[in-house]
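Each protein sequence line maps, in turn, to chains V and Y.
According to full-length UniProt numbering, the first sequence is numbered sequentially starting from 1.
According to full-length UniProt numbering, the second sequence is numbered sequentially starting from 1.
Just so you know, not all the hints are guaranteed correct.
Same chains, same label: a pair holds when it works inside one copy or across any pair of copies.
Said to hold, decoys possible - List time: in silico SDA-like cross-link candidates among lysine to any residue, alpha-carbon distance up to 25 angstroms:
hint, residue 1, residue 2
1, K446, S173
2, K161, E65
3, K446, D355
4, K159, N427
5, K161, N376
6, K263, P383
7, K263, Y118
8, K263, S157
9, K172, D430
10, K446, R243
11, K85, M252
12, K263, N51
13, K161, S53
14, K172, Y118
15, K474, L54
16, K161, V188
17, K474, A121
18, K446, Q372
19, K85, T115
20, K222, T33
21, K172, K446
22, K85, V38
23, K474, R319
24, K263, A121
Hint data in this document are derived by calculation from the structure and do not stem from the laboratory.
Each chain, written out:
There are 2 protein chains.
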Amino acid sequence: MNFFYAPRVFAIGVILAMTSAASAQSDTNPPATVDADVIDTASQLIDTALNSSLGFDIVESLTTEVGPRLAGSEAEQRARDWGVKLGESLSFDRVSVEPFSMPFWDRGELQIALTSPYQQALYGTALGGSGTSDQPIDAPVVYFRSIHDIETVEAGSLKGKIAFIDGEFMVKSQTGAGYGEANHKRRVGWQHAERGGAQALVIRSVGSDSHRFPHTGMMSSKEDQWATIPVIAVSNPDADHLRRLHELGQTMSMRVHSTAGWKGSVSSGNVVFDLVGRDKPDEIVLIGGHLDSWDLGTGAVDDGAGVAITTAAAELIARLPHRPRRTIRVVLFGAEEVGLLGARAYAEQHADELDQHVLATESDFGAGTIWQLVSNVNAEANPVIDAIGRVIQPLGIARGGSDVPGGGPDIIPMAMQGVPTVRLNQNGMDYFDLHHTPDDTLDKIKPAELAQNIAAYAALVYIAAETDVEFRTKKDEPEASTADE
Amino acid sequence: MNFFYAPRVFAIGVILAMTSAASAQSDTNPPATVDADVIDTASQLIDTALNSSLGFDIVESLTTEVGPRLAGSEAEQRARDWGVKLGESLSFDRVSVEPFSMPFWDRGELQIALTSPYQQALYGTALGGSGTSDQPIDAPVVYFRSIHDIETVEAGSLKGKIAFIDGEFMVKSQTGAGYGEANHKRRVGWQHAERGGAQALVIRSVGSDSHRFPHTGMMSSKEDQWATIPVIAVSNPDADHLRRLHELGQTMSMRVHSTAGWKGSVSSGNVVFDLVGRDKPDEIVLIGGHLDSWDLGTGAVDDGAGVAITTAAAELIARLPHRPRRTIRVVLFGAEEVGLLGARAYAEQHADELDQHVLATESDFGAGTIWQLVSNVNAEANPVIDAIGRVIQPLGIARGGSDVPGGGPDIIPMAMQGVPTVRLNQNGMDYFDLHHTPDDTLDKIKPAELAQNIAAYAALVYIAAETDVEFRTKKDEPEASTADE
Numbered sequence: 001m002n003f004f005y006a007p008r009v010f011a012i013g014v015i016l017a018m019t020s021a022a023s024a025q026s027d028t029n030p031p032a033t034v035d036a037d038v039i040d041t042a043s044q045l046i047d048t049a050l051n052s053s054l055g056f057d058i059v060e061s062l063t064t065e066v067g068p069r070l071a072g073s074e075a076e077q078r079a080r081d082w083g084v085k086l087g088e089s090l091s092f093d094r095v096s097v098e099p100f101s102m103p104f105w106d107r108g109e110l111q112i113a114l115t116s117p118y119q120q121a122l123y124g125t126a127l128g129g130s131g132t133s134d135q136p137i138d139a140p141v142v143y144f145r146s147i148h149d150i151e152t153v154e155a156g157s158l159k160g161k162i163a164f165i166d167g168e169f170m171v172k173s174q175t176g177a178g179y180g181e182a183n184h185k186r187r188v189g190w191q192h193a194e195r196g197g198a199q200a201l202v203i204r205s206v207g208s209d210s211h212r213f214p215h216t217g218m219m220s221s222k223e224d225q226w227a228t229i230p231v232i233a234v235s236n237p238d239a240d241h242l243r244r245l246h247e248l249g250q251t252m253s254m255r256v257h258s259t260a261g262w263k264g265s266v267s268s269g270n271v272v273f274d275l276v277g278r279d280k281p282d283e284i285v286l287i288g289g290h291l292d293s294w295d296l297g298t299g300a301v302d303d304g305a306g307v308a309i310t311t312a313a314a315e316l317i318a319r320l321p322h323r324p325r326r327t328i329r330v331v332l333f334g335a336e337e338v339g340l341l342g343a344r345a346y347a348e349q350h351a352d353e354l355d356q357h358v359l360a361t362e363s364d365f366g367a368g369t370i371w372q373l374v375s376n377v378n379a380e381a382n383p384v385i386d387a388i389g390r391v392i393q394p395l396g397i398a399r400g401g402s403d404v405p406g407g408g409p410d411i412i413p414m415a416m417q418g419v420p421t422v423r424l425n426q427n428g429m430d431y432f433d434l435h436h437t438p439d440d441t442l443d444k445i446k447p448a449e450l451a452q453n454i455a456a457y458a459a460l461v462y463i464a465a466e467t468d469v470e471f472r473t474k475k476d477e478p479e480a481s482t483a484d485e
Numbered sequence: 001m002n003f004f005y006a007p008r009v010f011a012i013g014v015i016l017a018m019t020s021a022a023s024a025q026s027d028t029n030p031p032a033t034v035d036a037d038v039i040d041t042a043s044q045l046i047d048t049a050l051n052s053s054l055g056f057d058i059v060e061s062l063t064t065e066v067g068p069r070l071a072g073s074e075a076e077q078r079a080r081d082w083g084v085k086l087g088e089s090l091s092f093d094r095v096s097v098e099p100f101s102m103p104f105w106d107r108g109e110l111q112i113a114l115t116s117p118y119q120q121a122l123y124g125t126a127l128g129g130s131g132t133s134d135q136p137i138d139a140p141v142v143y144f145r146s147i148h149d150i151e152t153v154e155a156g157s158l159k160g161k162i163a164f165i166d167g168e169f170m171v172k173s174q175t176g177a178g179y180g181e182a183n184h185k186r187r188v189g190w191q192h193a194e195r196g197g198a199q200a201l202v203i204r205s206v207g208s209d210s211h212r213f214p215h216t217g218m219m220s221s222k223e224d225q226w227a228t229i230p231v232i233a234v235s236n237p238d239a240d241h242l243r244r245l246h247e248l249g250q251t252m253s254m255r256v257h258s259t260a261g262w263k264g265s266v267s268s269g270n271v272v273f274d275l276v277g278r279d280k281p282d283e284i285v286l287i288g289g290h291l292d293s294w295d296l297g298t299g300a301v302d303d304g305a306g307v308a309i310t311t312a313a314a315e316l317i318a319r320l321p322h323r324p325r326r327t328i329r330v331v332l333f334g335a336e337e338v339g340l341l342g343a344r345a346y347a348e349q350h351a352d353e354l355d356q357h358v359l360a361t362e363s364d365f366g367a368g369t370i371w372q373l374v375s376n377v378n379a380e381a382n383p384v385i386d387a388i389g390r391v392i393q394p395l396g397i398a399r400g401g402s403d404v405p406g407g408g409p410d411i412i413p414m415a416m417q418g419v420p421t422v423r424l425n426q427n428g429m430d431y432f433d434l435h436h437t438p439d440d441t442l443d444k445i446k447p448a449e450l451a452q453n454i455a456a457y458a459a460l461v462y463i464a465a466e467t468d469v470e471f472r473t474k475k476d477e478p479e480a481s482t483a484d485e
């Protein structure tokens with residue numbers, strides 16, 4: 001906010017807040033600082049990380065030795081076994097698996113083709129939560145230019161048809177800003193198609209590439225109900241093709257046959273690595289990524305990278321002569337893609353110690369270079385975040401907002417319980433080219449960019465675990481002061 | 001060649017040749033030139049082409065209204081119908097289809113997966129000429145680092161196995177220089193695998209991309225025999241994955257099931273458009289592209305672009321007030337991908353008029369910008385080619401060698417009969433990213449680059465058809481001189 005242009009009433013509030021903060025600092029707490037030797041060690045960690053191949057080795061091992069690892073599958077179980085072996089082979093003090101149960105959605109097999117005006121294979125894939133067709137569906141296509149056009153469809157008006165929702169090409173950006181809007185049709189399109197009575201729904205993939213890959217991803221449930229019809233995403237070039245045929249006035253038909261569907265309850269789990277703090281072992285700085293991946297690729301950028309970045313960062317800290325004061329916990333979350341199920345299980349299973357989680361963040365936006373540090377912590381702790389920002393600034397990372405909530409998808413459930421968060425924003429310009437496609441493979445990760453990520457995480461996490469600053473926003477100032485003593 | 005550094009004996013030869021050429025020019029023919037008004041009209045054609053969407057409209061129509069068009073298929077028949085309609089809707093004086101018969105190879109259906117050390121789908125496709133497996137093949141994989149490693153395999157030593165030929169990543173270049181070497185394993189790998197007794201052969205795709213697309217393409221026959229085993233190309237990322245597993249010492253198994261195979265004799269054809277010359281109607285300047293495509297993509301860059309470039313160039317010439325002196329012929333060759341079958345049929349069916357084909361060239365290297373003009377014509381005609389080079393130089397096109405044979409794949413059979421050739425070399429840096437993959441779709445063509453191609457072809461073809469220079473190399477100087485009169 002620019003103070004001088006703020007409305008008057010707002011400005012007064014800010015002045016009061018500033019006065020209050022200033023008096024709180026001068027009366028009870030000196031401004032939070034970071035000791036010079038901690039800064040030095042953090043800088044050394046950066047150098048070490050930039051010259052280490054540990055992170056790339058981890059993601060290479062995960063993607064090669066485990067491969068794709070759909071939430072709840074046997075492959076995700078193998079990934080947990082791999083995680084335990086990895087943790088035990090490194091320097092962690094505790095390695096554990098925390099199981100939870102979940103409903104299993106299986107992609108099954110898909111046939112999808114244009115059958116009129118001529119026969120042509122389409123490159124499609126079922127969306128998570130899609131229903132089954134017992135028999136192949138052969139039906140004319142009703143074209144909707146966007147999700148907004150199908151929202152007003154009359155009940156029953158799509159009987160005997162396959163609905164196709166086109167949509168604008170997803171906006172590409174460093175921040176991934178175009179995703180929410182493009183994703184709307186994926187999340188709720190099926191509800192409108194089913195209201196219309198369509199036999200199947202086909203949508204343009206949610207992705208910013210122009211390759212012949214469909215992007216999968218989860219739909220949203222409605223009152224805990226999922227689609228009963230097949231819901232299929234086709235690649236952008238396929239959607240372009242259908243649009244051109246539509247614009248030529250061609251009547252289109254398709255054949256869709258999908259055996260996707262829900263297949264009962266299964267086990268998943270989170271894998272947890274701890275570096276136990278030498279001084280305040282109960283205070284936890286939590287980092288992580290998610291271990292499951294969609295099944296089309298090998299989950300290199302989503303989210304083998306996050307697993308590798310956070311594990312490697314913690315391991316480099318573990319190789320220092322002493323453990324940091326606080327505990328550093330790496331969580332490899334299970335079943336993220338299908339609804340943050342591992343993250344929810346973690347928040348439930350650790351409910352009684354969430355108030356001891358002093359800071360949390362996740363790496364789950366690919367393997368691109370980090371360009372910005374944002375945070376959402378107690379204002380009095382901002383000087384420590386700023387100090388971290390200065391340490392990682394040589395990596396090409398700007399200090400962003402200090403009031404930006406959200407530390408990554410799997411952090412949401414604990415952030416909702418008051419856990420403070422930071423985020424190291426990665427360059428996502430190409431992330432949605434690969435996201436949820438068969439093309440999410442190891443060759444897309446640049447080792448130098450991965451190392452930059454690890455360097456930033458190592459410095460951040462080390463400082464956060466070595467300081468005793470309180471990142472949590474105090475609900476009640478006097479009480480918080482007492483707690484500080 | 002740099003004259004001053006040439007070996008002496010060579011230099012003498014050059015001097016003699018120069019003397020001979022100079023005396024030939026001074027004695028019998030004045031140096032070939034191009035009239036200024038012809039140059040002016042060619043420059044105007046360039047301006048018109050750069051401001052026309054005709055070429056893009058043609059390739060959009062072909063890829064959208066016909067789609068993929070495998071040689072010999074019903075889809076290729078629809079492409080010929082489309083071609084006839086296109087030719088008739090434009091300004092051509094004659095539009096015809098010249099049929100020929102051919103053996104039909106059908107891709108059928110393919111299942112390919114890694115089954116050990118774990119289950120993972122592989123992105124593969126059958127190579128042209130591949131055989132059938134009646135039952136799924138489940139077998140251990142024998143890894144060969146390159147085609148050279150399988151060349152020495154002992155007879156029978158691969159019994160009960162699937163052979164996998166890896167290979168180096170294809171070199172990327174403007175000229176496509178890496179293709180021949182990378183392609184060796186595709187062409188003849190099956191012969192070694194069959195000698196070893198393998199149940200199937202899998203190879204790394206011949207392609208310069210790192211996307212999860214397999215590249216198809218024809219194998220070579222051996223004494224007119226084709227592979228009896230399935231021969232499958234997998235994407236580069238899949239091949240990387242198999243290499244990493246191999247390097248980890250993992251034993252791999254695969255399941256391969258392919259119903260590809262030969263399916264009898266069918267009809268194909270070349271579509272021919274003529275602009276009949278106003279002065280020398282029997283002398284033919286031939287340009288073209290090929291109408292068939294592989295079936296995985298929609299054949300936009302291979303070779304919808306060539307069809308569009310050459311058709312549009314001829315059409316722009318047809319819109320001039322007068323026909324050029326010589327006939328301009330556009331040939332949309334059938335069945336190029338499966339062995340230049342249309343080109344061979346053309347050379348046979350036109351054997352008696354090939355000596356009237358004064359110049360020939362094909363556009364079949366994508367839709368990238370043209371950067372070089374090379375030629376292989378009678379030395380006395382080089383000044384005309386040089387003049388053409390100067391006209392198209394503002395398009396960013398350099399004059400390359402005047403002794404470079406080959407005017408494009410479909411020109412080979414007629415060039416072998418002495419038809420002179422030129423070639424407008426396109427930038428192929430990205431061509432083998434898309435070549436023979438599902439990703440060869442319209443969105444990969446940049447309209448401005450396509451227009452630059454059409455501009456260059458229009459200028460080249462117009463001048464070649466308006467001049468009366470003899471491009472053909474005279475076998476016997478006196479006789480050729482007589483013919484000139």
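### Query
In ascending order, which of the hints set out earlier in this document are inconsistent with the structure?
Checked against the structure, the hints that fail are numbers 3, 4, 5, 6, 8, 12, 13, 14, 15, 17, 20, 22 and 23, while the rest are satisfied.
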